[in-house]
Amino acid sequence: EDQVTQSPEALRLQEGESSSLNCSYTVSGLRGLFWYRQDPGKGPEFLFTLYSAGEEKEKERLKATLTKKESFLHITAPKPEDSATYLCAVQARHNAGNMLTFGGGTRLMVKP
Amino acid sequence: DSGVTQTPKHLITATGQRVTLRCSPRSGDLSVYWYQQSLDQGLQFLIQYYNGEERAKGNILERFSAQQFPDLHSELNLSSLELGDSALYFCASSVTSGNNEQFFGPGTRLTVL
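For the record, the sequence lines run as chains A and B. In this text, residue positions in the first sequence follow the working numbering: the first is 1, and each later residue adds one. In this text, residue positions in the second sequence follow the working numbering: the first is 113, and each later residue adds one.
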């Protein structure tokens, strides 16, 4: 069974304090790993897709990396507007269609 | 704004009732997905349709059903509602049925009293 575990569950940072969020996954044949941002009461907002170990993608203050067992979302010099829940999800080759299996998320709070 | 629309935004109903949630995908997207998000279960995949046909099924209850119409909009029907069905229901869409990014709508918050 595919499993996605995110840590920490919650993270408090001061504005400008860089950190990383972790996503560990167990999947039989990874087709893709996805990062989303979700604000309270809103739908998840797509951030990145990673397909193979060693791949990296960047967008503003965010950088996502992928290994064979985990992915990291690095946040450089965060601002209060980066406060949100960050979700990691995997797509497996063995599944019909392309359902996403999500982790529980990391709730990030950035204080000014 | 992802381009995916969902109606209604909020729905309050009683146990035993039946409701229909509606989703319009982004222009050009052929695949529609339904997910349920509750506090204890997180975001869970329910079902996927591609160009009108069911493509994949998750842990969707037998009381729940969905369909995708020729104009590609989709409806999720929930019947014999129970208190535990209270959750946020999201629709997502993607261009094809491959490993494309899924874009989520704003969700429908269902409260069963």
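None of these hints come from the bench; they were simulated from the model. Ideal placement from N, C-alpha and C gives every residue a C-beta, glycine not left out. Watch out, some of these pointers could steer you wrong.
Cross-link-like lysine-lysine pairs, in silico, DSS-like; alpha carbons within 30 Å at most [as the list claims (entries may be wrong)]:
| no. | chain 1 | residue 1 | chain 2 | residue 2 |
| --- | --- | --- | --- | --- |
| 1 | B | LYS121 | A | LYS42 |
| 2 | A | LYS68 | B | LYS121 |
| 3 | A | LYS42 | B | LYS169 |
| 4 | A | LYS57 | A | LYS68 |
| 5 | A | LYS59 | A | LYS69 |
| 6 | A | LYS69 | B | LYS121 |
| 7 | A | LYS79 | A | LYS63 |
| 8 | A | LYS59 | A | LYS42 |
| 9 | A | LYS42 | A | LYS57 |
| 10 | B | LYS169 | B | LYS121 |
| 11 | A | LYS79 | A | LYS69 |
Partial chain B-side listing against chain A, Cβ under 8 Å, derived [what the hints assert, rightly or not]:
| no. | residue |
| --- | --- |
| 12 | HIS122 |
| 13 | ALA126 |
| 14 | ARG130 |
| 15 | LEU155 |
| 16 | GLY164 |
| 17 | GLY170 |
| 18 | GLU174 |
| 19 | PHE202 |
| 20 | PHE215 |
Practice task
Just pull the numbers of the violated hints for me, sorted ascending.
Solution key: When the structure is compared with the hints, numbers 2, 6, 12, 13, 14, 16 and 18 turn out to be violated.
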